[in-house]
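Undergrad: These protein sequences, in sequence, are chains A and B. Per my numbering, residue 1 is the first one in the first sequence, and the count goes up by one each step. Per my numbering, residue 1 is the first one in the second sequence, and the count goes up by one each step.
In case anyone wonders, no lab produced these hints; they're calculated from the structure. Values in this document were obtained by computation on a predicted structure and should not be read as measured data. Cβ coordinates follow ideal geometry from the N, Cα and C atoms, glycine included. The reader is advised that the hints may include incorrect statements.
[What the hints assert, rightly or not] Result set (DSS-like, lysine-lysine): computed pairs, CA atoms no more than 30 Å apart in a straight line:
| # | chain 1 | residue 1 | chain 2 | residue 2 |
| --- | --- | --- | --- | --- |
| 1 | A | LYS49 | B | LYS244 |
| 2 | A | LYS47 | B | LYS249 |
| 3 | A | LYS15 | B | LYS251 |
| 4 | B | LYS188 | B | LYS220 |
| 5 | B | LYS220 | A | LYS34 |
| 6 | A | LYS34 | B | LYS248 |
[Said to hold, decoys possible] To give a feel for the contact side, a few chain A residues facing chain B, derived at Cβ under 10 Å:
| # | residue |
| --- | --- |
| 7 | SER31 |
| 8 | ARG32 |
| 9 | THR33 |
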Amino acid sequence: MGVMLDEIYKVVTEKAGFKGRMRLAVRTGISRTKAVQMEDSAEVVTKFKRAADEIVGEDIGEIFKRR
Amino acid sequence: MTKKLLLVDDEEFFLEGLKDGLSEHENIFTTDICFSVDDAIKLYNKNQYDLIISDIRMPGKTGLDFFVYLREKNYTGGFIAMTAYGSVDVLEKIRNLGGLDIILKPFDFPWFKDKILDFFSEEEGVSGVVDSIALTSLLQMINLEKKSLVVRIEDKTREGFLYFNKGEIVHAEYLELEGEEAAFHLIKMKKGRFSLLKWEKKVKKTIKTSFMVLLMNAMKANDEKTRMSQLNRKYLDNKKKEEKMDAKKLKEAVDYLKDQLGEGLQHTAVWTTADGQSIAAYNPQPRAVALFNQVTQQLANALAQSEDDFVEIGRYYLIDLVGDRMIIVLYLGDYQWGILFNQKEVQLGLLMNVIIPKIIDIFEEAITG
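Kindly generate the complete structure, drawing on both the sequences and the hints.
TA: Encoded structure:
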């Protein structure tokens with residue numbers, strides 16, 4: 001449940017601190033607590049990825065690959 | 001692209017010397033010189049100048065005539081006046097408030113050269129003939145030239161008059177007001193048109209305060225008004241943010257922290273980064289909030305300016321204080337959360353790894369509604 005979204009939250013916090021994490025929450029309207037309870041639907045993951053790319057300033061898909 | 005500078009003064013030898021000295025910077029700007037306002041107008045119509053520096057008192061047409069001409073032609077570059085009269089301190093104060101930039105003669109050439117280079121290195125000049133400063137600049141020119149004339153200032157529905165006698169305002173009329181109060185309102189006007197008229201009627205002297213004092217007070221009032229409206233806007237923005245915030249959740253986060261740290265918690269507050277206003281707190285200490293908001297700002301600036309790869313504050317910063325105290329500030333962007341606690345009574349590992357992640361989760365729910 002919400003594994004991918006949780007991972008995105010972790011990467012954003014790691015790369016952009018709490019400030020980035022708060023921006024992700026505000027931009028998506030979904031807190032981490034809610035995100036981990038949701039299904040990783042393609043639509044929501046895309047929405048999160050797009051916001052995260054912008055906040056972190058790089059493609060977070062690439063960051064996942066490097067981990 | 002190379003910039004263009006025009007120097008206007010009736011002292012030919014003086015201008016030739018300046019031009020010669022400035023020629024070493026021709027890769028940045030080129031300099032044209034002329035010895036009368038009539039010639040300056042001719043040159044102005046053939047060239048596009050980025051900066052014009054003109055003497056005020058010249059035979060024939062004066063610096064004021066040239067300034068009014070430039071204003072009518074909607075010149076948008078920089079304008080600096082030169083004069084041998086005035087107090088450096090007063091002119092500097094007025095310039096800082098957005099008034100006319102004036103160079104007092106005589107001056108050191110290296111200083112003059114640096115002033116021009118500084119002007120061209122800035123994106124926008126230190127002064128320009130734009131609506132907001134043109135009136136005060138014009139009034140300063142009238143004062144420096146010790147002119148006797150009437151300035152009519154009008155906007156869409158109202159008009160007023162400033163009566164100058166030998167450069168000093170002796171009378172003013174604006175709506176039902178007259179004297180200093182009318183002058184104050186007119187000098188403060190940011191929009192509107194003005195024209196220069198001859199004295200046509202006798203007026204009684206209603207103003208005794210010197211022009212410089214009147215000008216300074218009016219400009220300070222404008223400056224204060226701008227500052228207040230910026231603060232007001234900031235306040236309303238924060239109000240909007242607070243309205244969006246789920247207050248119940250926010251309280252839940254603070255209560256959770258309080259419960260977990262017990263007696264070890266000395267103070268905690270969540271505040272807005274924009275103005276350091278606390279939006280939730282336990283044992284409120286507004287001065288500490290203001291102080292740490294400033295500390296965060298300075299730390300963030302120092303990191304941003306560092307040539308090393310530090311760049312930004314991550315999740316928090318922590319300061320070990322005397323008296324077994326420690327403060328941790330969670331940097332949340334638009335908000336910050338400070339926690340002051342007694343190190344002997346709080347397990348740092350538990351705070352960092354369990355309690356803070358939990359309060360961040362709750363805070364996040366508060367901001368997402």
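Undergrad: Each hint should be assessed against the structure and marked as holding or not.
TA: Consistency of the hints with the structure:
no. : hint                 : in the structure
1   : A:LYS49 to B:LYS244  : holds, 25 Å
2   : A:LYS47 to B:LYS249  : holds, 25 Å
3   : A:LYS15 to B:LYS251  : holds, 28 Å
4   : B:LYS188 to B:LYS220 : holds, 9 Å
5   : B:LYS220 to A:LYS34  : violated, 52 Å
6   : A:LYS34 to B:LYS248  : holds, 17 Å
7   : SER31                : holds, 4 Å
8   : ARG32                : holds, 6 Å
9   : THR33                : holds, 5 Å
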